[in-house]
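Required output: the full structure, derived from the provided sequences and hints.
There are 2 protein chains.
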Amino acid sequence: MAHERRSETPQLVLAMVGLPARGKSYMAHRLRRYLGWLGYRTRVFNVGSYRRARLGVRHRESYFSPHNTAAQRQREALADLALADLLDWLRSGGEVGIYDATNTTRARRARVRERVEAVGVRLLFIESICDDPSLVEANIRETKLQSPDYVEMDPEIALADFRARVAHYASVYETVQSGEGSFVKVIDVGRRLEAELVRGYLPGKILFFLANGHAGRRPILLTRHGESLFNLEDRVGGDPGLSPRGERYAVALAGFVRLRLGAGADIAVLSSTLRRTVETTALFEVAPQRWRALDEIDAGICDGKTYAEIAAALPQEYAARQADKFHYRYPGGESYRDVIGRVEPVLLEIERQRRPVVVVAHQSIIRVLYSYFQELPAEECAWLRIPLHTVFELRPVATGLEEERHVLTVDP
Amino acid sequence: MAHERRSETPQLVLAMVGLPARGKSYMAHRLRRYLGWLGYRTRVFNVGSYRRARLGVRHRESYFSPHNTAAQRQREALADLALADLLDWLRSGGEVGIYDATNTTRARRARVRERVEAVGVRLLFIESICDDPSLVEANIRETKLQSPDYVEMDPEIALADFRARVAHYASVYETVQSGEGSFVKVIDVGRRLEAELVRGYLPGKILFFLANGHAGRRPILLTRHGESLFNLEDRVGGDPGLSPRGERYAVALAGFVRLRLGAGADIAVLSSTLRRTVETTALFEVAPQRWRALDEIDAGICDGKTYAEIAAALPQEYAARQADKFHYRYPGGESYRDVIGRVEPVLLEIERQRRPVVVVAHQSIIRVLYSYFQELPAEECAWLRIPLHTVFELRPVATGLEEERHVLTVDP
Numbered sequence: 108m109a110h111e112r113r114s115e116t117p118q119l120v121l122a123m124v125g126l127p128a129r130g131k132s133y134m135a136h137r138l139r140r141y142l143g144w145l146g147y148r149t150r151v152f153n154v155g156s157y158r159r160a161r162l163g164v165r166h167r168e169s170y171f172s173p174h175n176t177a178a179q180r181q182r183e184a185l186a187d188l189a190l191a192d193l194l195d196w197l198r199s200g201g202e203v204g205i206y207d208a209t210n211t212t213r214a215r216r217a218r219v220r221e222r223v224e225a226v227g228v229r230l231l232f233i234e235s236i237c238d239d240p241s242l243v244e245a246n247i248r249e250t251k252l253q254s255p256d257y258v259e260m261d262p263e264i265a266l267a268d269f270r271a272r273v274a275h276y277a278s279v280y281e282t283v284q285s286g287e288g289s290f291v292k293v294i295d296v297g298r299r300l301e302a303e304l305v306r307g308y309l310p311g312k313i314l315f316f317l318a319n320g321h322a323g324r325r326p327i328l329l330t331r332h333g334e335s336l337f338n339l340e341d342r343v344g345g346d347p348g349l350s351p352r353g354e355r356y357a358v359a360l361a362g363f364v365r366l367r368l369g370a371g372a373d374i375a376v377l378s379s380t381l382r383r384t385v386e387t388t389a390l391f392e393v394a395p396q397r398w399r400a401l402d403e404i405d406a407g408i409c410d411g412k413t414y415a416e417i418a419a420a421l422p423q424e425y426a427a428r429q430a431d432k433f434h435y436r437y438p439g440g441e442s443y444r445d446v447i448g449r450v451e452p453v454l455l456e457i458e459r460q461r462r463p464v465v466v467v468a469h470q471s472i473i474r475v476l477y478s479y480f481q482e483l484p485a486e487e488c489a490w491l492r493i494p495l496h497t498v499f500e501l502r503p504v505a506t507g508l509e510e511e512r513h514v515l516t517v518d519p
Numbered sequence: 108m109a110h111e112r113r114s115e116t117p118q119l120v121l122a123m124v125g126l127p128a129r130g131k132s133y134m135a136h137r138l139r140r141y142l143g144w145l146g147y148r149t150r151v152f153n154v155g156s157y158r159r160a161r162l163g164v165r166h167r168e169s170y171f172s173p174h175n176t177a178a179q180r181q182r183e184a185l186a187d188l189a190l191a192d193l194l195d196w197l198r199s200g201g202e203v204g205i206y207d208a209t210n211t212t213r214a215r216r217a218r219v220r221e222r223v224e225a226v227g228v229r230l231l232f233i234e235s236i237c238d239d240p241s242l243v244e245a246n247i248r249e250t251k252l253q254s255p256d257y258v259e260m261d262p263e264i265a266l267a268d269f270r271a272r273v274a275h276y277a278s279v280y281e282t283v284q285s286g287e288g289s290f291v292k293v294i295d296v297g298r299r300l301e302a303e304l305v306r307g308y309l310p311g312k313i314l315f316f317l318a319n320g321h322a323g324r325r326p327i328l329l330t331r332h333g334e335s336l337f338n339l340e341d342r343v344g345g346d347p348g349l350s351p352r353g354e355r356y357a358v359a360l361a362g363f364v365r366l367r368l369g370a371g372a373d374i375a376v377l378s379s380t381l382r383r384t385v386e387t388t389a390l391f392e393v394a395p396q397r398w399r400a401l402d403e404i405d406a407g408i409c410d411g412k413t414y415a416e417i418a419a420a421l422p423q424e425y426a427a428r429q430a431d432k433f434h435y436r437y438p439g440g441e442s443y444r445d446v447i448g449r450v451e452p453v454l455l456e457i458e459r460q461r462r463p464v465v466v467v468a469h470q471s472i473i474r475v476l477y478s479y480f481q482e483l484p485a486e487e488c489a490w491l492r493i494p495l496h497t498v499f500e501l502r503p504v505a506t507g508l509e510e511e512r513h514v515l516t517v518d519p
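Chains as they are written, first to last, in our numbering: chain A, 108 to 519; chain B, 108 to 519.
It should be emphasised that the hints constitute simulated quantities derived from the structure, not laboratory data. You can trust all of the hints, since none of them are fake.
Example chain B residues on the side facing chain A (calculated, C-beta under 10 Å, incomplete):
(1) 311
(2) 318
(3) 439
(4) 451
(5) 456
(6) 459
Counterexamples of contact, computed for chain A against chain B with all Cβ distances above 10 Å:
(7) 162
(8) 271
(9) 413
(10) 432
(11) 480
Glycine included, each C-beta is placed from N, C-alpha and C at the ideal position.
Structure representation (structure tokens):
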């Protein structure tokens, strides 16, 4: 129950550390999405964006040389400005500020630490270390060369320039060491972790997330079960089987997955324990993992009723739910916020998969998962339109997730 | 909601690694308590106990020499037996088996890994490294010299013998390295962690716990708020203030804490956000941390009612609660299991404190905390007798927690 934790969460600064092209921004971004979804007000302050916004783009590598004293002063001033904005934002109610900068020297980190601790906020350094040249090269090609810094430049020239920029940072780089306070080192995209003085609830949670995180590039397919006998009657919850149309969806979906991800492909299928998802996945080539945590929202005393019956018999409940569908908890049942709490372990399971993932679940579950992946404000998820017989396909691209919706035909 | 996770938990073996007197058994014990409290069926298999049970006690150091081939074969057979029992237990429904042995050589660990993976169960090595001689010495004096192996022996002779035993292990010790699968190294009682290939929900949770864990030796004082106006009427929930007797408890408690822990002592006080705990802690020297997660169990539609009213108006609810008080969820409210889920972050906060801790909360909250610290089966916690105006003082000793109950006088 994320809301229980809110009031006692001390504020926290996460300061990224690492050479360019080590996936710092990607990691910052994933942490922001995850912590935001859990209910923490989280924001990323990216120093590169400050530079581009204030000084314009197209800085060449020489600008990043440690011997270019004027530029270095400018860059430090921008880094300070971004940090000041972060601390201002915490003062006005922010909870987790992510400071996305290189912070590659001890001196720079000491300065960050001094300023954060001066306002009584805890600090955790997150260093990304990756010495696999192929990963670094892929990162540069996929993200850095798309940066406004290199727009309209010949890719090979841009690549050489960026490599020279990295070399400037590398020439003064000092890895985080004991004595610099709390830190986590994420080595080779989470294969190895080293952590010192990571204590407390939220830092522990972040460690947990980083242990499961990686830069996986696999599609995720989300869908509700096929039409159920209860769907026909606009009835909530229960454990009904599929309608004839729902059965045709099971056939269509199995065919679609096979075509889309390849026959015999190594994929992970996750579904709930309820009859309508079991029947929907009956023709899959791969046996689904059945998670109770993916079962539909528990409607408590409303379970098995139609919406009309609920409105008639429990008008106050009906009105309360319409007024705040996200926080509303069915008597004896769950709220959307509760659902986020119990879906979290499955989300981490999806995140750590390197194989394509297919999730066959229920309306509330697809809503909260979709809102995580597409970074919608959690409160809005309860109103998302997630129609039946539709596959939401999410494919990671450099800038986020590309979405395609496939409406499958279920009419005979 | 721990019960949501149960059905999909894959089984797991945690294999301890480390020299004698590095706190392995203590760590195994803490993990068992924590995972058990969260609802996982967890058991420790300690190879030392197998040796003592089957071969008798009083083995001298020469028995542990790597050159004593006969003894070594015997010890390996016992270690294999304990592991076989662990795997049998998993087969019969256990969820997390903790293999408490030294496992100090690569060859031994390879054997463990082979046997665990042969039955399709995941394995995580947990290595405890501690090179602080004072910590090791304290551990030997406090636990090892109390062992049945050294009963009735002169402590100095026993100490010398035990040190020689450690030296035998140290002579062949190989630390866990990349390539041995998933592992966590806990260095200097959690100050530093190193982890490789730790993925998935439960291993992540364990990493989180180890990051917060330490061998703290501080007293924990648990108490309910003083008598409230609702207590006088046998009424559930609400946000009432204290009765006159409750107010006198606030005076008595502040005095007791000052006397017991010392005036001006550096202590942590945790309480809830409700009026009755705020008033109970009003005279404390230290400002309490107020946690919403420590608020009383949410009684939903029964909030503010007396037990007699509930029994009369909602007889089925009343009966359902009596039948299974632990799992029973008040309509629109919480079950004890829900309470464990939301109290967990506060528990980790208490665990990581190195200062004495005073918790002023509510009946259900003290019940679940007490059942954690005193290792009672979670299901029984809902029936624990936690009277008003009583301080439960828990002091860590080598073998667990020593409990003292102080009933404070509140009559004028």
